[in-house]
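Please put together the full structure from these sequences, using the hints given.
Going by the working numbering, the sequence shown opens with residue 604, and the numbers climb by one from there.
Keep in mind the hints are simulated off the structure, nothing from the lab. Just so you know, these numbers come straight off a predicted model, no measurement behind them. Just to be clear, a hint being listed does not mean it is correct.
What the hints assert, rightly or not - Straight line, CA to CA, 20 angstroms or less: simulated SDA-like cross-link-like pairs of lysine to any residue:
hint, residue 1, residue 2
1, K641, L617
2, K641, Q615
3, K666, S656
4, K641, P653
5, K647, G614
6, K641, A619
7, K647, Q605
8, K641, V620
9, K641, A624
10, K641, I651
11, K671, P653
12, K641, N621
13, K641, Q606
14, K662, E652
15, K641, L682
16, K647, G678
17, K647, I607
18, K647, N621
19, K671, L655
Claimed, not checked - Simulated DEER-style distance windows between Cβ atoms:
hint, residue 1, residue 2, range
20, C627, E674, 50 to 56 angstroms
21, I676, I625, 38 to 44 angstroms
22, L613, K671, 51 to 57 angstroms
23, S656, G635, 53 to 59 angstroms
24, P644, A624, 18 to 24 angstroms
25, L611, G670, 49 to 55 angstroms
Glycine included, every Cβ here is placed at the ideal spot set by N, Cα and C.
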Amino acid sequence: MQQITVELPLGQQLYAVNGQAIVCDPNGRVIGVFSPVKDHPNVKDLRIEPPLSIEETEKLRLKNRTGKPLEDILGRLGL
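Shown next, in the form of structure tokens:
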């Protein structure tokens, strides 16, 4: 992930944002969406990488599957 440092006037505007904000250039073209981080931590304190990879998450999802087959559910509903 890239880090961009902004000058104080823009920083003050971004600190004042509640919720999300669309960031536009002077011509009204969208640059991106800004989501403030609660409590404004230092960059070194952020945990940017997810705790698990996509593969690890998928393995856990498959391992912990619960539920009943669709046929059983439909049968119980009389369908």
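* List in ascending order the numbers of the hints, as given earlier, that are violated by the structure. => 11, 15, 16, 18, 19 and 23
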